[in-house]
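Undergrad: Below are the chains, spelled out letter by letter.
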Amino acid sequence: MSTTTSAAPPRPPKETRSARRVRLTDRTRKERNLGWMLAGPAFIAMVAVTGYPILNAIWLSLFDFRLTDPSGRSFVFLGNYVTILTDGLFWKQFGVTVIITVVTVSVELVLGFALAMVMHRALYLRTALRVAILVPYGIITVVSSYAWAYAFSNTYGFVNGLFGLGDFDWFGGTWSALFTVCVAEIWKTTPFMSLLLLAGLAQIPDDYLEAAKVDGATAWQRVKRVILPNMKAAIMVALLFRTLDAFRIFDSVFIMTAGAQSTETLSFLAYRQTISRVMVGLGSAVSVILAILVVLIAVMFVKVFKTDLSQQRGVKK
Amino acid sequence: MAAIEMRNIVKEYGDGFKAVNDISLSIADGEFMILVGPSGCGKSTLLRMIVGLEDITSGDMVIGGDRVNEKAPRDRNLSMVFQNYALYPHLTVFENIAFPLRLNKKVTEDEIRRRVKEAADMLELNEHLDRKPANLSGGQRQRVAMGRAIVRQVNAFLFDEPLSNLDAKLRGQMRTEISRMQRRMGTTTVYVTHDQTEAMTLGDRVAVLRRGLLQQVASPRELYEQPVNMFVAGFIGSPPMNFLPAVVSGNRLKLPFLEVDLPAIAADKVTDGQLLIAGIRPEHFEDARMLDAAKRERGAKFRAKVDVTEWLGDSQYAYIPFEANAEVTKQLADLAAELDSEALRTQLIVSIDAMSRLRENHEGEFWADTTRMHLFDPRTGTNLTRDEAAAADLATLEEEELRERMDTSSDPVTP
Amino acid sequence: MKVSRRTQAFWIAGAILIIAYAIIPVIWIISLSFKEGDDITNNQFFPTTWSWENYKTVFASDLFTTALRNSVGMSLIATTISVILATLAAYAISRLEFPGKRLVLGVALAITVFPVIAIATPLFDLWRNIGLYDTWLGLIIPYLSYSLPLAVYVLAAFFREIPWEMEQAAQVDGATAWQAFRRVIVPLATPGVFTAAILTFFAVWNDFVFGITLTSSEAARPVPAALAFFQGASQFSQPTAPIAAAAVVVTIPVVVLVLLFQRKIVAGLTNGAVKG
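Protein chains in written order, with my numbering: chain P, 1 to 317; chain S, 1 to 415; chain X, 1 to 276.
Just so you know, the hints here were simulated from the structure itself, not pulled from any lab data. Keep in mind that this is a model prediction, so the values were computed, not measured. Virtual Cβ for every residue (Gly too), placed ideally from N, Cα, C. It is possible that part of the hints are untrue.
Computed footprint of chain X on chain P, listed as stretches where at least three residues anywhere in the stretch have a Cβ under 8 Å from a Cβ of chain X [what the hints assert, rightly or not]: (1) 49-61; (2) 120-129; (3) 171-178.
In silico DSS-like cross-links for lysine-lysine, where the CA-CA straight-line distance does not exceed 30 Å [unchecked claim]: (4) P:K303 / P:K213; (5) S:K254 / S:K330; (6) S:K169 / S:K105; (7) S:K301 / P:K30; (8) P:K303 / X:K101; (9) P:K92 / P:K30; (10) S:K18 / S:K330; (11) S:K254 / S:K305; (12) S:K106 / S:K117; (13) S:K106 / S:K132; (14) S:K71 / S:K105; (15) S:K269 / S:K305; (16) S:K301 / S:K330; (17) P:K232 / P:K306; (18) P:K232 / X:K56; (19) S:K105 / P:K30; (20) S:K269 / S:K254; (21) S:K169 / S:K269; (22) S:K254 / S:K301; (23) S:K18 / P:K30; (24) X:K101 / S:K71; (25) S:K132 / S:K169; (26) P:K232 / P:K213; (27) S:K295 / S:K330; (28) P:K92 / P:K232; (29) P:K306 / X:K101; (30) X:K264 / S:K132; (31) X:K101 / S:K18; (32) P:K232 / X:K264; (33) P:K30 / X:K101; (34) S:K269 / S:K301; (35) X:K264 / X:K56; (36) S:K117 / S:K169.
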């Protein structure tokens with residue numbers, strides 16, 4: 001970081017026109033070099049660790065390869081993908097993942113918006129609110145998973161006692177187990193969502209709301225017709241971030257149910273195939289499918305987002 | 001202190017857009033030069049090329065006899081006041097002003113203290129030296145920025161719209177302050193603004209720019225009285241000059257409401273029946289009933305219906321709508337758009353005596369000083385009535401004034 | 001906006017609800033960690049007697065103390081390196097024009113999008129081959145690559161907010177590029193770097209996937225992973241309460257950071273997300 005861009009060293013005053021042009025490109029070249037000198041280390045650190053494994057995963061996904069039996073490794077091309085995509089279990093886990101994603105993200109959006117509204121409007125307790133909201137965000141996922149797992153447990157927990165549910169075993173059935181996972185996930189990530197929404201909310205000038213009030217809008221109409229349309233960008237960003245995260249849910253499932261009662265998600269499947277069952281080829285294929293799905297979701301969001309933004313701009317002009 | 005010489009300066013961007021197009025301008029040692037024009041005219045770009053924050057595509061930038069095109073800003077020995085002041089938020093007022101001195105290892109601590117003290121005295125900042133910029137008012141920040149500029153001996157001061165973030169009252173005070181400081185220190189100054197009051201009051205000379213091209217460089221008085229074209233005429237003066245369609249008819253000129261003799265100076269530049277645009281400033285009109293007898297002879301009288309009047313206590317404006325053909329209307333709308341204003345309707349703005357009791361929606365009798373009228377070619381915008389001899393006189397006058405001032409202030413002023 | 005007393009009461013009620021929402025699970029795990037004997041299975045929120053027993057168990061266990069040491073050590077190292085690299089990169093991205101800038105940003109984005117698990121399994125394979133499996137370095141490296149994008153976004157958003165005029169003014173004032181950077185940019189960027197460091201620390205401290213896939217022993221296993229394998233005082237007793245105690249211990253740094261720097265954390269999170 002020892003030089004910046006626009007500082008060119010002094011030069012003898014006599015120069016021909018062509019020499020001057022070289023001088024300019026010289027300066028741009030310097031800037032480019034500096035750019036790479038500064039960004040290079042971070043770039044290498046990011047690519048070195050992810051580039052090879054990603055390519056390696058794609059490569060391995062084309063083999064029937066069990067770690068305990070390296071000699072039996074054989075090239076099966078898309079065989080693993082066929083195996084996975086024709087397996088009912090995969091689709092079931094895909095379904096579980098989608099359900100968790102849809103449920104958690106939609107609840108988080110509504111809840112997060114309410115949280116953001118309160119944080120935006122409350123005149124007192126602001127610091128306390130900020131601290132409170134950051135605790136779930138900062139807490140380790142594994143810890144929050146344990147807290148909720150124990151809370152719902154019929155041996156240790158208080159939830160059954162509180163609601164008079166007796167000995168009900170939350171982790172004994174698919175839906176109730178998924179419910180607990182969703183609760184834990186929602187609790188931990190709603191604050192992050194609400195902070196993103198709060199940033200959007202804070203950008204709406206109070207004038208808009210006052211104007212709407214003067215125009216005779218009720219509180220609900222103000223939210224629906226003034227606040228929400230002006231927060232579209234923030235909502236989309238928050239949804240994108242959270243959907244991608246929720247789709248890759250792993251930690252809480254691992255801790256809370258360990259995949260029992262058909263609560264396995266796609267990340268969990270990938271983990272189990274590779275690490276526990278050492279089916280590296282098959283596991284890699286699951287990872288690749290998961291990655292493709294995540295990218296698809298991201299692209300979808302960005303597409304919707306872009307058309308939306310351009311439309312908004314079109315209307316404004 | 002040094003003279004600044006620009007020769008054929010061009011700034012061309014990657015897409016071929018020329019923000020500054022072949023500008024040549026000489027600024028004398030000690031002169032206060034204003035760069036003025038509507039937004040996007042290239043005035044700020046030109047200033048940034050002088051200081052070295054912007055590359056020069058072609059041309060020569062010479063400061064104090066040295067070509068500085070390739071020099072880094074820090075080697076040009078200039079100081080600049082930015083539009084947003086660019087005060088360092090993490091430093092106190094004292095350290096902000098001392099910043100340029102601290103970069104030079106040779107300046108001793110005592111020397112720094114003395115010079116900052118002097119600058120702070122001049123700008124009345126002594127009580128605020130320990131405060132951070134965030135705790136200062138807009139006017140105080142502005143003064144800190146100036147303190148940082150004057151604390152060392154520089155070749156020139158550069159100002160980039162320094163007063164645009166202040167409210168009207170403060171702007172007036174700071175304007176006087178800047179003027180006083182420049183006169184006292186006698187340092188060459190280049191000042192960018194879009195405010196014509198600043199342009200008229202501060203500068204020895206004013207350079208008017210339009211779309212990267214230099215329109216006219218002259219003293220404020222010359223710009224006002226002898227503009228070279230319609231753009232300069234419309235830009236200088238507030239409310240702006242009225243533009244009316246005028247048709248040549250023999251040696252007479254037909255305008256809406258009135259008919260006058262064709263000025264002799266334009267006679268051989270026009271043909272019979274040609275459409276021209278006549279420019280008359282609002283202040284060259286008067287309510288005929290309030291007129292001095294002495295003035296009456298110089299102009300023409302006409303009757304017109306007043307649409308709206310604005311009474312301001314010390315002055316009064318009347319608005320008189322008129323019909324113009326499509327060509328003229330379009331020409332005027334284009335000019336207005338370029339001057340950052342909007343031409344909603346073709347109307348005459350006339351300044352009348354504050355005592356006048358003209359009523360809205362009634363007809364009144366007006367007088368216009370037609371000797372001060374200018375005629376413009378509607379296609380090129382060229383002023384057909386510019387009096388070169390008078391303009392030269394004004395230029396000489398301005399030059400003498402500057403020389404006289406430089407001589408009296410030549411006693412060494414240490415900032 | 002003017003707010004009536006009644007509406008304000010409504011918002012205060014909302015605020016109290018939110019605080020309860022955020023705090024109750026935390027208090028629950030704390031109170032569980034203080035339970036002992038029959039209290040553990042009493043299905044009550046609070047213990048009848050508060051006991052330090054579980055904390056003693058946890059700190060007597062090598063498994064936990066080494067995991068804690070691993071977590072603290074690796075998180076600090078990874079955070080430090082990550083923030084230094086990210087500061088340089090973010091400065092370049094927000095201030096300089098160079099070919100491949102979009103590539104750097106694209107790679108950063110791709111990494112945030114790519115599932116950790118999809119990286120972890122091939123890394124498991126690779127690390128075993130080159131001997132990085134179950135070592136500190138073997139975890140610090142992936143921590144770096146996964147925390148860098150976040151740090152770069154947060155810092156780039158921060159650098160973008162430092163007005164260009166600051167550097168230009170310094171240059172005109174006679175500063176060399178280095179002086180401008182040292183005397184103007186660095187002091188102005190410090191709060192941003194600090195915020196990025198906290199967020200990076202949170203991210204790394206939270207890691208679970210790499211922790212369980214890339215370790216097999218105490219040599220490098222971080223706390224979250226160790227918690228999942230925690231056995232308690234004896235093989236036969238359920239380790240619920242000790243796990244709760246351990247969970248509370250690893251939550252303390254988070255709470256302390258939040259208490260001290262809540263304002264900065266919120267600003268960093270929202271800036272990076274909305275503008276990055």
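Undergrad: Does each hint hold? Answer for all of them.
TA: Structure-based check of each hint:
1. 49-61: Coverage by chain X holds here, the residue count being 8 at a Cβ distance below 8 Å.
2. 120-129: holds (count 8)
3. 171-178: Violated - the segment 171-178 of chain P has 0 residues with a Cβ nearer than 8 Å to chain X, which falls short of three.
4. P:K303 / P:K213: Violated. K303 of chain P to K213 of chain P sits at ~34 Å, over the 30 Å cutoff.
5. S:K254 / S:K330: 20 Å, holds
6. S:K169 / S:K105: Cα-Cα ~41 Å, so violated.
7. S:K301 / P:K30: 69 Å, violated
8. P:K303 / X:K101: Within the cut-off at roughly 22 Å; holds.
9. P:K92 / P:K30: 56 Å, violated
10. S:K18 / S:K330: Answer holds: K18 of chain S to K330 of chain S is near 26 Å, not above 30 Å.
11. S:K254 / S:K305: Cα-Cα ~19 Å, so holds.
12. S:K106 / S:K117: Holds, at roughly 19 Å.
13. S:K106 / S:K132: 26 Å, holds
14. S:K71 / S:K105: 21 Å, holds
15. S:K269 / S:K305: Not satisfied, since the Cα-Cα distance of roughly 33 Å exceeds 30 Å.
16. S:K301 / S:K330: 28 Å, holds
17. P:K232 / P:K306: Distance ~11 Å between K232 of chain P and K306 of chain P Cα, so the pair holds.
18. P:K232 / X:K56: Distance ~51 Å between K232 of chain P and K56 of chain X Cα, so the pair is violated.
19. S:K105 / P:K30: Satisfied, since the Cα-Cα distance of roughly 27 Å is no more than 30 Å.
20. S:K269 / S:K254: Holds. K269 of chain S to K254 of chain S sits at ~17 Å (cutoff 30 Å).
21. S:K169 / S:K269: 46 Å, violated
22. S:K254 / S:K301: Within the cut-off at roughly 14 Å; holds.
23. S:K18 / P:K30: 25 Å, holds
24. X:K101 / S:K71: Satisfied, since the Cα-Cα distance of roughly 28 Å is no more than 30 Å.
25. S:K132 / S:K169: 24 Å, holds
26. P:K232 / P:K213: 21 Å, holds
27. S:K295 / S:K330: 34 Å, violated
28. P:K92 / P:K232: Violated, at roughly 33 Å.
29. P:K306 / X:K101: 22 Å, holds
30. X:K264 / S:K132: OK: K264 of chain X and K132 of chain S at ~21 Å, within 30 Å.
31. X:K101 / S:K18: 27 Å, holds
32. P:K232 / X:K264: Answer holds: K232 of chain P to K264 of chain X is near 25 Å, not above 30 Å.
33. P:K30 / X:K101: 15 Å, holds
34. S:K269 / S:K301: Holds: K269 of chain S and K301 of chain S sit about 26 Å apart, inside 30 Å.
35. X:K264 / X:K56: 35 Å, violated
36. S:K117 / S:K169: 27 Å, holds
Hint compliance for this structure: hints 3, 4, 6, 7, 9, 15, 18, 21, 27, 28, 35 are not met, and every other hint is.
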